[in-house]
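What follows is the residue order along each chain.
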Amino acid sequence: MKRLLLVMLVVTMVAAMLVGCAPKTPAPVDPGPGPTDPTPPPPPALKVGMVTDAGTIDDKSFNQGTWEGILKAAADFGLETRYLQPGGETTSFYLTEIGNLVDAGFNMIICPGFKFEEAIFEAQTLYPNTKFVILDGYPHSGDWAPAVGDNTVSIFFTEHEAGFLGGAAAAMHLKTGDVGFIGGMEIPAVQLFNWGFQQGVAYANANLGTSVTIKPENVIYQGTFYDVAAGQQLAATMYDRGVKAIFAAAGGVGVGVINEAKARASAGQEVWVVGVDVDQYSEGEYATGKSIILTSAMKGIGVAAYDMIADALADTFPGGEILTFSAENFGVGIPAENPNLDAAISAKVNELFEMMRDGTLVVSNEQGSLIK
Amino acid sequence: MWQLIVQIFPYAIAYTVPLLITALGGLYSERSGVVNIGLEGLMVIGMFSGAYTISRGGLPPGSAVWVGLLAAAVAGAAFSVLHAFACVTLNANQVISGIAINMVAGAMTRFLARNLTGSGNIQIMRGIQRTNIPLLSDIPILGPLLFRQTYATTWLALGILFLSAFVLFKTRYGLRLRACGEHPHAADAAGVNIYRMRYSAVLISGALAGLGGGIFLTTVSGEFSGTAGGLGFLALAALIFGQWRPFGILGATFFFGFASTIANVSQAIPELARIPGIVLKTFPFVVTLIALVAFSRSSQAPKAAGEPYDKGKR
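Sequence lines, in order, name chains A and B. So the number in this note's numbering is just where the residue sits in the first sequence, counting from 1, plus 541. So the number in this note's numbering is just where the residue sits in the second sequence, counting from 1, plus 8.
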């Protein structure tokens, strides 16, 4: 009994400590007439902040990609930057960190991830003088009705096009056999990768003489972006059951997939992984010069962040708009260098990319008859 | 069905081993009377030291892994000195010290990783290879289950298990250590140095938890990212479920390992996908709860676990 009390006491204390540590919630900006200065001072210098999505800044994926874009802009334009990692993955945690950045004078905030939708919805009215960029989502109040404020830009990517290229490349490389897909959570961006991947494989089968199959049981959403062990075990099971290449769009779960593929490749088995978001070739290295990353279905998250900062500096920030980064404006694609792909396959993939750009090849962003 | 079991058995064992070794660490500590909630943090320390040594140590890949595991164990032991100092020398509350270890470990290792390598995640190029053991893997039934696709660390962990069972229950050191956890005043009266015994037990516990983190790194995750995914807490649960006995722990960790593996891979196996994922995923925890309730009357917890040793108290 005494111990139970003790444990409860400790829990309360830790909780109190955490709450105590949390910076003050920003007081809502008074919507009424503020200090009306007849001659407004020149706009302050741009300071760019970022709040991270699930995972850390070094996730070699979504957070890191965005952050690298911001850093590149900072280097080119000489800006002050900062990122904050929220204590949890809910709107209130996100709002706290956004408030902290605003309080610290950051007047442009970039949030990578669909989970920021409701936080941005509130923040854009709370801080009307701050520019917001949300990647992979649009602000709404929980009712899914888009409400992009004048100080906000929402950016989407055509993940299905990137997935298509990855699928076609994998099919052409393997020619026959099974491929699989492991996704993180079943959210739009991940689903689009999956559907695009399946269409890419189907296209290669129909037009490029391959016969690669995707079995329904080999298309999986693991359900998290962090369960490394589950990723490793799922990949092991798929490879055991004859899958030769797995497209992993799953954050930390993908780390487990890559690790399993590395172990098998070191033992001499031929297995492949198609990477996601950024060029993951170096993640897959299991010996010098050898990697199990066949290619990567990339999203130009860094490019998007960079472009928005450049626009903000040039005073052409497209506030209120929903932008789409697609093959057409080089917002998605596969890496320029794919050491594991033959030159002929690379050329063919580039050809497909060009066909997407001029509209002769259209990748559907709907599930239709595709698996999951 | 048999095919299925043969297929997932090696993965279940691989998942079990880091848990087992960490829970054994907890066993030493608690048997000596020091509750160690810091197992999770000590695993993270092990993962970090292992990953850093393997990726930056400049050793050839074959031996780097083993040096990395050694580094993980040494770092875990070194870090657990903090816990021992707080709990044994300063008589601090053991639960609070353990929580502090958990909080410090994650933050400190990530900070170090960022400063030493420029990234909070450290990848290793090559972990431990799975191998089939010659001859033994051809034994019917047992061969495919136990001797195919095994990691060398699995045998190391089993070796440590048997050694621990022997040390704790068949040697003088073990008897004294257990006496410190049951009735330290009696042990003290018999001439045992309680402080020294508890220090040694906490250090062993740190070394084993660090090694557990290192094994998780080299077999499952392949990357340090500042967390052990709650495995340390699961090890603590396994320790209680296993009733503070080495082979009880083996059973409990294997149960967790097997059940979690089935839950994880069920999505990719049509025969298992018919069972809802939520049922499979919660199964080990529901069973643990039931077991804890059922065993609560006959709990074998060391009687003095959690109590700082006060010479003057009666």
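Bear in mind the hints are in silico, worked out from the structure with no lab data behind them. Among the clues, some could well be false.
What the hints assert, rightly or not - Chain A residues, not near chain B, derived (Cβ > 10 Å throughout):
1) I598
2) A616
3) P669
4) H681
5) T751
6) N759
7) Q773
8) A777
9) G793
10) A804
11) S807
12) D820
13) E892
14) Q908
15) I912
Claimed, not checked - Computed, partial: chain A to chain B, Cβ under 7 Å:
16) E609
17) L612
18) E727
19) V769
20) A771
21) N800
22) Y822
23) G830
Quantities reported herein were computed from a predicted structural model and do not represent experimental measurements. Note that the Cβ used here is the ideal one computed from N, Cα and C, for glycine as well.
Each hint tested on the structure:
no.	hint	verdict
1	I598	violated, 7 Å
2	A616	holds, 16 Å
3	P669	holds, 34 Å
4	H681	holds, 28 Å
5	T751	holds, 23 Å
6	N759	violated, 7 Å
7	Q773	violated, 5 Å
8	A777	violated, 6 Å
9	G793	violated, 7 Å
10	A804	violated, 6 Å
11	S807	violated, 6 Å
12	D820	holds, 15 Å
13	E892	holds, 34 Å
14	Q908	holds, 18 Å
15	I912	holds, 13 Å
16	E609	violated, 12 Å
17	L612	violated, 12 Å
18	E727	violated, 12 Å
19	V769	holds, 4 Å
20	A771	holds, 4 Å
21	N800	holds, 3 Å
22	Y822	violated, 13 Å
23	G830	violated, 11 Å
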